[in-house]
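**Student:** As a plain string of letters, each chain reads:
There are 2 protein chains.
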Amino acid sequence: MRSVALRSVFLAALAAARLAGAQDSLPSWNDGPAKQAIVEFVRKTTTAGSADFVAPEARIAVFDNDGTLWSEQPLYFQAQFALERVKVLAPQHPEWKAKQPFKSVLAGDVKGALATGQKGMAELLAATHAGMTTDEFAKTVSDWLATAQHPRWKRPYDRCIYQPMLELLGYLRLSGYQTFIVSGGGVEFMRVWAERAYGIPPQQVIGSSGKLKYELRGGTPVIVKLPQIDFVDDGPGKPVGIQKAIGRRPVLAFGNSDGDREMLEWTKAGDGARFAGIVHHTDAEREWAYDRKSPIGKLDKAWDEATQKGWTLVDMKSDWKLVYPDAK
Amino acid sequence: MRSVALRSVFLAALAAARLAGAQDSLPSWNDGPAKQAIVEFVRKTTTAGSADFVAPEARIAVFDNDGTLWSEQPLYFQAQFALERVKVLAPQHPEWKAKQPFKSVLAGDVKGALATGQKGMAELLAATHAGMTTDEFAKTVSDWLATAQHPRWKRPYDRCIYQPMLELLGYLRLSGYQTFIVSGGGVEFMRVWAERAYGIPPQQVIGSSGKLKYELRGGTPVIVKLPQIDFVDDGPGKPVGIQKAIGRRPVLAFGNSDGDREMLEWTKAGDGARFAGIVHHTDAEREWAYDRKSPIGKLDKAWDEATQKGWTLVDMKSDWKLVYPDAK
Chain G
157 MRSVALRSVF
167 LAALAAARLA
177 GAQDSLPSWN
187 DGPAKQAIVE
197 FVRKTTTAGS
207 ADFVAPEARI
217 AVFDNDGTLW
227 SEQPLYFQAQ
237 FALERVKVLA
247 PQHPEWKAKQ
257 PFKSVLAGDV
267 KGALATGQKG
277 MAELLAATHA
287 GMTTDEFAKT
297 VSDWLATAQH
307 PRWKRPYDRC
317 IYQPMLELLG
327 YLRLSGYQTF
337 IVSGGGVEFM
347 RVWAERAYGI
357 PPQQVIGSSG
367 KLKYELRGGT
377 PVIVKLPQID
387 FVDDGPGKPV
397 GIQKAIGRRP
407 VLAFGNSDGD
417 REMLEWTKAG
427 DGARFAGIVH
437 HTDAEREWAY
447 DRKSPIGKLD
457 KAWDEATQKG
467 WTLVDMKSDW
477 KLVYPDAK
Chain P
157 MRSVALRSVF
167 LAALAAARLA
177 GAQDSLPSWN
187 DGPAKQAIVE
197 FVRKTTTAGS
207 ADFVAPEARI
217 AVFDNDGTLW
227 SEQPLYFQAQ
237 FALERVKVLA
247 PQHPEWKAKQ
257 PFKSVLAGDV
267 KGALATGQKG
277 MAELLAATHA
287 GMTTDEFAKT
297 VSDWLATAQH
307 PRWKRPYDRC
317 IYQPMLELLG
327 YLRLSGYQTF
337 IVSGGGVEFM
347 RVWAERAYGI
357 PPQQVIGSSG
367 KLKYELRGGT
377 PVIVKLPQID
387 FVDDGPGKPV
397 GIQKAIGRRP
407 VLAFGNSDGD
417 REMLEWTKAG
427 DGARFAGIVH
437 HTDAEREWAY
447 DRKSPIGKLD
457 KAWDEATQKG
467 WTLVDMKSDW
477 KLVYPDAK
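Here the protein sequences line up with chains G and P, keeping their order. For the first sequence, our numbering assigns the number 157 to the initial residue and increments by one for each residue that follows. For the second sequence, our numbering assigns the number 157 to the initial residue and increments by one for each residue that follows.
No wet-lab data here; the hints were simulated from the structure. All clues given are correct.
A pair holds if it fits inside one copy or across any two, identical chains being indistinguishable in the list.
Quick list of in silico lysine to any residue cross-link-like pairs, SDA-like style, CA-CA up to 25 Å: (1) Lys-449 / Gln-236; (2) Lys-367 / Gly-426; (3) Lys-259 / Trp-300; (4) Lys-424 / Thr-463; (5) Lys-369 / Phe-387; (6) Lys-191 / Gly-326; (7) Lys-454 / Pro-377; (8) Lys-259 / Ile-385; (9) Lys-295 / Lys-424.
Next up, chain G with everything else stripped away, as it sits in the complex (with noise of 0.2 Å):
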């Protein structure tokens, strides 16, 4: 077909500007055993007549986003949306003053909030994240992002995302790479800015979601969100995930919590060259120093695993030049 020979034509254009600029495509990592192992991959895989070569079409590599991409400390950002639109909402529902988790929202007692524990968050989720059309959820979370700093940088949420790995996704796609995330956050939470901060288009973003809903309201179509949780990407959801949505074994896969480990696993069980990866937050003074012991991006099992098994671990102070894509 015309499509796969134009495809050539562009692959082959690609290869020969890798080959140009290939030692420049991770400037912000520094040479050590994860960015050698990372090129050393992607080499293997891209080169023709190389035993590992992988063909274009399956040349598929998803990542996390909490803690792979951005930031996930003091709390996952799509919470802290969840938490503001509570105080934004709040006038509209008197109850809530009386009803927890908004109780406790309300008084600025993120603790007790996460105290209430998964019934809590879903009905935190239902009010922040249902009962609205996807463009109108996306329209707040797009006006959230544009005003909301984090409370620690002072920057944007979307400037707290991982300049290494901006850089490491570009340098896939630069390969033939075809990079998705496939995260436990919301999908549609995470699409409305992904493109623009990762480069990476809605079709490739994969998530929790919520079950959706066609209708027509005054003759014009809309999906609605509801409240009810459709499906959680999350632990043994994301290689279902991944099937779901992508139907194809992925070559190398991103994490950094136990919340990735199958998703890893499954990619490393393929046949073939296969890559896993996990970013380990050792920089407390760059970013945050956490692992077995965090409630939030937990790595103790798949911590274990990568050990066994060889997967790469990059050491976020050692192996990353600069965090974030503006950091001094």
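Could you slot chain P onto chain G? The hints should help.
**Tutor:** This is chain P only, laid out in the frame that chain G set:
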């Protein structure tokens, strides 16, 4: 970003190629209003400076499958697969001889099987599409396709695809559109052959699906197909399926039946230039002629809406020079 710049170069090359070959992109289409409408739409949405220009990343085109890209008579091909699977699996299920809908299927009484209604169909689906891993199911479909023959045309089912639609898919991709399938058919069934048949990769195939479960079998990760239905990608489910998988409203949509109506409505209701097309089965000799009264692929309300709203109707008999790729 580098990849964006490269994509621009690529798209410029595509535009040049398109100028050179535009007249020949749809050789199996007769010159008529349908072909004219398609070519004019693609021209105006891909010409820089045009009032109807659509940015490359927004060029999403969606296609129903059964009756739009391949035939669906005398029975949906996936249903044919299910019926044939029942016969293959029957020796392992002696109880089926006395149990509907299996009893009817084994007696060759398709009408009797269909008469068991949704409950019967769900049992048939569960028995033939679940209880195995996704890899096992894909192999079953692939093996079946390699030998099964269409009862009327005596050719493989994946050669009962429409040559003019193949050309349309290629023409759209050459014009920077991403082509997706959005079908009521099973996503795991279609992905096995859609890339080979249509050039549409698995991640661009959206369909109905059963629930999936990740598990380890003897230390090896597998994804198991469960007997519960997860999502029905038909009627109002189609815009929902599009939102779930793509997260962006299509610019162009093609269907052939009332099951595609909401997808066409949703597409047309977007801002800017939008295209809705319907394949009308009018050719009893080269394919089939059916519409308002057909139990399969019923085209009734969508036809009325197409007429009222000026959607493009493709008359198979007069608009297509040939139907199947290797037909006379």
